[in-house]
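Asker: Residue numbering for the sequence shown is 1 to 108, as defined by UniProt numbering.
Just so you know, not all the hints are guaranteed correct.
Restraint-style ranges between C-beta atoms, simulated for each label pair [unchecked claim]:
#1 Gln-82 x Ser-42: 43 to 53 Å
#2 Ala-102 x Ser-42: 33 to 43 Å
#3 His-104 x Gln-78: 13 to 23 Å
#4 Thr-101 x Ser-42: 29 to 39 Å
#5 Ser-42 x Thr-85: 52 to 62 Å
#6 Gly-86 x Ser-42: 47 to 57 Å
#7 Ile-84 x Ser-42: 49 to 59 Å
#8 Ser-92 x Ser-42: 33 to 43 Å
#9 Trp-98 x Ser-42: 36 to 46 Å
#10 Cys-89 x Ser-42: 32 to 42 Å
#11 Ser-42 x His-104: 52 to 62 Å
Keep in mind the hints are simulated off the structure, nothing from the lab.
Even glycine gets a Cβ: it sits at the ideal position worked out from N, Cα and C.
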Amino acid sequence: SSYNRYDTLMSPYAPNGYFKLYSGYWRSKFYTSVQYSSYCYSGNVVSLHCISCGISNNSLVSRIVGGTFANLGNWPWQVNLQYITGVLCGGSIISPKWIVTAAHCVYG
């Protein structure tokens with residue numbers, strides 16, 4: 001885990017405090033397990049932030065969606081998985097040979 005001091009982070013959603021997750025969050029819906037706190041007693045928080053991976057530096061143009069080809073430098077992640085007569089699920093291209101999709105789309 002990556003931790004930072006709570007006083008070095010500011011959340012745009014809680015500018016005067018922090019969000020904390022109940023320890024038993026897996027037993028209930030996520031949104032009912034988060035609460036606002038004006039103080040972080042442990043002094044540590046998990047730092048979540050975006051990184052540049054997957055962010056195109058080029059302006060957006062047509063993608064494969066809609067039947068058009070994507071140009072080199074675009075990020076056309078979305079795919080349509082079909083089986084014989086129709087749409088099965090969607091997916092995302094993660095490498096030249098792999099597509100990730102939900103488990104229920106291919107198993108069960």
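Asker: Going through the earlier hints one by one, which of them does the structure break, listed in rising order?
Answerer: 11
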